[in-house]
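Engineer: Residues per chain, in single letters:
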Amino acid sequence: MCVECGCGSSGKMPAKEHKGIAFSHRHAHGNDDTAPSKATPSGGTTGEDRRFSVEREILGRNNRLAEDNRAFFKEHGIIALNILSAPGSGKTTLLEQTILSLGGSLPLAVIEGDQETSRDADRIRSLGVPAVQVNTNAGCHLDAHQIAHSLEELSLSPGMLLIIENIGNLVCPALFDLGETSRVVLFSVTEGEDKPLKYPQIFRGADLVLLTKSDLLPHLDFDTAKAMNYLRSVNPSGEILPLSARSGEGMDRWVAWISAQREGAGAMSESPTRSGEAHGTPSGG
Amino acid sequence: MHELSLAMSLLEVCEEEATRIGVKKIKTLIVEVGELSGVSVPALDSAFGIASRGTVAEGAALSIRNMPGTGWCLSCERAVRIQDPFRSCPDCGGSRILPTGGMEFCLKEFVCD
Chain L
1 MCVECGCGSS GKMPAKEHKG IAFSHRHAHG NDDTAPSKAT PSGGTTGEDR
51 RFSVEREILG RNNRLAEDNR AFFKEHGIIA LNILSAPGSG KTTLLEQTIL
101 SLGGSLPLAV IEGDQETSRD ADRIRSLGVP AVQVNTNAGC HLDAHQIAHS
151 LEELSLSPGM LLIIENIGNL VCPALFDLGE TSRVVLFSVT EGEDKPLKYP
201 QIFRGADLVL LTKSDLLPHL DFDTAKAMNY LRSVNPSGEI LPLSARSGEG
251 MDRWVAWISA QREGAGAMSE SPTRSGEAHG TPSGG
Chain F
1 MHELSLAMSL LEVCEEEATR IGVKKIKTLI VEVGELSGVS VPALDSAFGI
51 ASRGTVAEGA ALSIRNMPGT GWCLSCERAV RIQDPFRSCP DCGGSRILPT
101 GGMEFCLKEF VCD
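Chains L and F, in that order, are what the protein sequence lines are.
For the first sequence, this note's numbering begins at 1 and goes up steadily by one.
For the second sequence, this note's numbering begins at 1 and goes up steadily by one.
Accuracy of the hints is not assured; some may be wrong.
[What the hints assert, rightly or not] In silico contact screen, one side only, chain F against chain L (beta carbon under 10 Å); selected entries: (1) LEU6; (2) VAL13; (3) ILE26; (4) ILE64; (5) ARG65; (6) PRO68; (7) ARG81; (8) CYS92.
It should be emphasised that the hints constitute simulated quantities derived from the structure, not laboratory data.
Where a beta carbon is used, it is the ideal one built from N, C-alpha and C, also for glycine.
Construct all of the structure, not just a fragment, from the sequences and the given hints.
Structural biologist: This is how it looks when you write it as structure tokens:
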């Protein structure tokens, strides 16, 4: 039985009825065909001890579920953005302003991750956008399994934009592939310039870094050039975009970046670095 | 912090394999942990101690094989030893390094009575 939701050991879970396309979450448990058992006596017994060779990667489950999610997104042309940052960097405010900027121009849904409360999902729903709140309680990150169940709750449509607001945490969420199309990391100017050096993994995995709260720059000693250099040293290829959800600075470029993601979705193939390198770390889920 | 969920995944594999081969109690787990895997062995060990209660691996010892971190420097065009996936090449100082080894987190074997 699945330790996380108790939804059965190996079979398919029936998808909920939706008007649009439905996601059927199958649990990639170890007794699936994708993970054949290998336990065999490996000899070397000492006394009465018996040794069994297993040879199984422990990261398997989360990554298999993430690949299911990714295949589903790709099949339906859904752009899934995994939004990551420290707590208080402005993720939810950015989402609200993004929804307003898009002005209903494309189908949109949001998955909100927080330890407790549905406050963020309530904020999104009040703007007329469907949102699922995932409360992780003691958990410090979202995983592919939680995303799969959230997809079952949402009414999805082809070509939609799915925004996943991860738990405010610069450490653990970096290790867990959700199957997202792109990773967006927020770095607010009220944080130190050296955040990318102190938390390199999350910044290295970013396809886009948004330098948020840029309207506060005149009031701070934040050295933007220095921050950019630090970012570049851990992530030479990701895009960087200064932005203020409050003043609106940079919002047009952010919305244009989202549009470019959608336009590329038809021909987009999975970037090799996404699953091969950046997410090549264990993530048991 | 994520080591608790890693320990639970490890235990899930143990339960499956033990059930399949008819083993009631596992004494030792031999686990490979790569230097670049992001797994904290002390945190994994304490999480495993808590999560294994009531399972086939309750009280089992974790025997860790540390796997060295290696990478390929795109500038030097040769294999280099790296202890952290975000550090520069020890020879040329460049940051264009592809990790090639040390990402493992793998249950290799277990030992039973």
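Engineer: When the hints from earlier in the document are held up against this structure, which numbers fail?
Structural biologist: 4, 5, 6, 7 and 8
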